[in-house]
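There are 2 protein chains.
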Amino acid sequence: MKLYSYFRSSAAYRVRIALNLKKLEAEVIPIHLLKNGGEQHSAAYRQINPSELVPALLEANAEQGFTLTQSLSILEYLDEKFTDTVLLPKNIQQRALIRAFSQSIACDIHPLNNLRVLQYLSAALEVSDEQKTAWYTHWIEVGFAGLEAQLKHSNGQFCFGNSASFADCCLIPQVYNALRFNIDLSAYPKIQSIYTHCNTLSAFQNAAPEAQADAA
Amino acid sequence: MKLYSYFRSSAAYRVRIALNLKKLEAEVIPIHLLKNGGEQHSAAYRQINPSELVPALLEANAEQGFTLTQSLSILEYLDEKFTDTVLLPKNIQQRALIRAFSQSIACDIHPLNNLRVLQYLSAALEVSDEQKTAWYTHWIEVGFAGLEAQLKHSNGQFCFGNSASFADCCLIPQVYNALRFNIDLSAYPKIQSIYTHCNTLSAFQNAAPEAQADAA
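Protein chains in written order, with the UniProt record's numbering: chain A, 1 to 216; chain B, 1 to 216.
Extracted from the complex, chain A is given alone in its bound form (with noise of 0.2 angstroms):
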């Protein structure tokens, strides 16, 4: 397998600790998604994912190749071939629960403070530095206060009881991109003791930023 990967992307961030929980191999394909006016907008790129974003995953030996984009799908397909080890449970209602935890990440957080969107604020709309700080923290903490709440029954060391799933591959890399926004964490205590627990472990460990070939 081959993934197509930024080091400061959330969205790989995920794949990568969900590939690495599973003790999978992929060899990492950077693309930087600032240098040369975006790799991931080259014709080359396009044609491994024509929506223009990372990450991508290449299943080079799969029947007539197979390209699959959008972190949480590419989970959702490792968890569902590779069954070694899972990241989501048996019991229907506690798979819902991690899936809905989840997209309240992918769908509603990451979306609005990822790079083209801070892009266009500043290029389109000329939003100031400060708006622009503003209005990432905005959704970081509207967002922050419902997982807090989703997690709210949560006693284990993980999200959701004291096994990894999908619910930590999301959140893992939405604490760090706030930490680096300077965002105050000090309401969410949930999520910060399970920030640290999984920053105890290689897996997590291994797929942060600043352990990436192309973080230099």
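Certain hints may be false.
Since the list gives no way to pick out one identical chain from another, each pair is judged satisfied if it fits inside one copy or across any two copies.
[Said to hold, decoys possible] In silico DSBU-like cross-links for lysine-lysine, where the CA-CA straight-line distance does not exceed 35 angstroms:
no.: 1; residue 1: Lys152; residue 2: Lys23
no.: 2; residue 1: Lys81; residue 2: Lys190
no.: 3; residue 1: Lys190; residue 2: Lys22
no.: 4; residue 1: Lys35; residue 2: Lys152
no.: 5; residue 1: Lys152; residue 2: Lys2
no.: 6; residue 1: Lys90; residue 2: Lys35
no.: 7; residue 1: Lys132; residue 2: Lys35
no.: 8; residue 1: Lys190; residue 2: Lys23
no.: 9; residue 1: Lys132; residue 2: Lys23
no.: 10; residue 1: Lys81; residue 2: Lys22
no.: 11; residue 1: Lys90; residue 2: Lys132
no.: 12; residue 1: Lys90; residue 2: Lys22
no.: 13; residue 1: Lys35; residue 2: Lys2
no.: 14; residue 1: Lys81; residue 2: Lys152
no.: 15; residue 1: Lys81; residue 2: Lys2
no.: 16; residue 1: Lys22; residue 2: Lys35
no.: 17; residue 1: Lys23; residue 2: Lys2
no.: 18; residue 1: Lys35; residue 2: Lys23
no.: 19; residue 1: Lys22; residue 2: Lys152
no.: 20; residue 1: Lys132; residue 2: Lys81
Simulated from the structure, these hints should not be mistaken for laboratory data.
Starting from the known structure of chain A, fit chain B onto it as the hints suggest.
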């Protein structure tokens, strides 16, 4: 089951389509996103969904009760629980491609153009109506180009072959919204043809905003 819905919510519309395709009954409880400062922000609704968004699905008869948020998580739950008519095929690669397509809408297009974001652009960033239309149009055009490319090999009546899937549940509401904002869709012939076909079917017709009790 009870579905907390708003007639114009694209995410609630996805779930209404899925319920109809699967021939499942749910009592629809309208949450008006504009009246009374937005009923989704009320204390009563925050108990149901702390993220203050629609839809939410309440399984009153499940053990200990069970409330589920996030439209795609609800679709997965319904498809795992009620298997007479399924909206994801068994093939792992096909499932992955359908989920990726659905997430291209739910993660990359819709979150940027929903009500709370447009409200923030006006209220906090004081962007003009013209700039707001340009913002809306930009994310639709970028997103729809990616969707049309994902449909390149599609030759069926639906997004993926001749059965409805999660992809159609997501696409039809997104196209409906784009048309409401008068976006020119002539560059997306596959999307247009799937939209036209789906809207000949009662499952889609009965899920449309104007068919809802709260549309009055």
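Evaluated hints:
In this assembly of identical chains, the alpha carbons of lysine 152 and lysine 23 lie at most 35 angstroms apart whether taken from the same copy (30 angstroms) or from different copies (34 angstroms). When the C-alpha separation of lysine 81 and lysine 190 is checked against a cutoff of 35 angstroms, the pair qualifies both within a copy, at 31 angstroms, and between copies, at 30 angstroms. In this homomeric assembly, lysine 190 and lysine 22 come within 35 angstroms of each other (Cα to Cα) only inside a single copy, at 24 angstroms, whereas the closest approach across copies is 37 angstroms. Only between protomers do lysine 35 and lysine 152 lie at most 35 angstroms apart by alpha-carbon distance; the minimum there is 29 angstroms, versus 42 angstroms within a single protomer.
Taking CA atoms no more than 35 angstroms apart as the test, lysine 152 paired with lysine 2 passes between copies only; the shortest distance there is 23 angstroms, against 37 angstroms inside one copy. Proximity of lysine 90 and lysine 35 under a CA criterion of 35 angstroms is satisfied in neither setting, with 43 angstroms inside one chain copy and 40 angstroms between copies. Taking the shortest Cα distances, lysine 132 and lysine 35 sit within 35 angstroms of each other both inside one copy (22 angstroms) and across copies (29 angstroms). In the homo-oligomer, the alpha carbons of lysine 190 and lysine 23 lie at most 35 angstroms apart inside one protomer (27 angstroms), although the nearest pairing across protomers, at 39 angstroms, exceeds that limit.
With identical chains, the CA atoms of lysine 132 and lysine 23 are never at most 35 angstroms apart, being 38 angstroms at best within one copy and 45 angstroms at best between copies. In this homomeric assembly, lysine 81 and lysine 22 come within 35 angstroms of each other (Cα to Cα) both inside a single copy, at 11 angstroms, and across copies, at 26 angstroms. Taking CA atoms no more than 35 angstroms apart as the test, lysine 90 paired with lysine 132 passes in neither setting, with 41 angstroms inside one copy and 44 angstroms between copies. Taking CA atoms no more than 35 angstroms apart as the test, lysine 90 paired with lysine 22 passes in both settings, with 16 angstroms inside one copy and 22 angstroms between copies.
Only within a single protomer do lysine 35 and lysine 2 lie at most 35 angstroms apart by alpha-carbon distance; the minimum there is 21 angstroms, versus 49 angstroms between protomers. In this homomeric assembly, lysine 81 and lysine 152 come within 35 angstroms of each other (Cα to Cα) both inside a single copy, at 32 angstroms, and across copies, at 25 angstroms. In the homo-oligomer, the alpha carbons of lysine 81 and lysine 2 lie at most 35 angstroms apart both inside one protomer (16 angstroms) and across protomers (34 angstroms), since each shortest distance falls under that limit. Within a single copy, lysine 22 and lysine 35 get their C-alpha atoms as close as 31 angstroms, which meets the 35 angstroms cut-off; across copies the closest is 47 angstroms, which misses it.
For a Cα distance limit of 35 angstroms, the shortest separation of lysine 23 from lysine 2 inside one copy, 15 angstroms, qualifies, whereas the shortest one across copies, 40 angstroms, does not. Proximity of lysine 35 to lysine 23 under the C-alpha cut-off of 35 angstroms is restricted to the intra-copy arrangement: shortest distance 31 angstroms within a copy versus 50 angstroms between copies. For a Cα distance limit of 35 angstroms, the shortest separation of lysine 22 from lysine 152 qualifies both inside one copy, at 27 angstroms, and across copies, at 32 angstroms. Proximity of lysine 132 and lysine 81 under a CA criterion of 35 angstroms is satisfied in neither setting, with 40 angstroms inside one chain copy and 43 angstroms between copies.
When the structure is compared with the earlier hints, violations turn up for hints 6, 9, 11, 20 and for no others.
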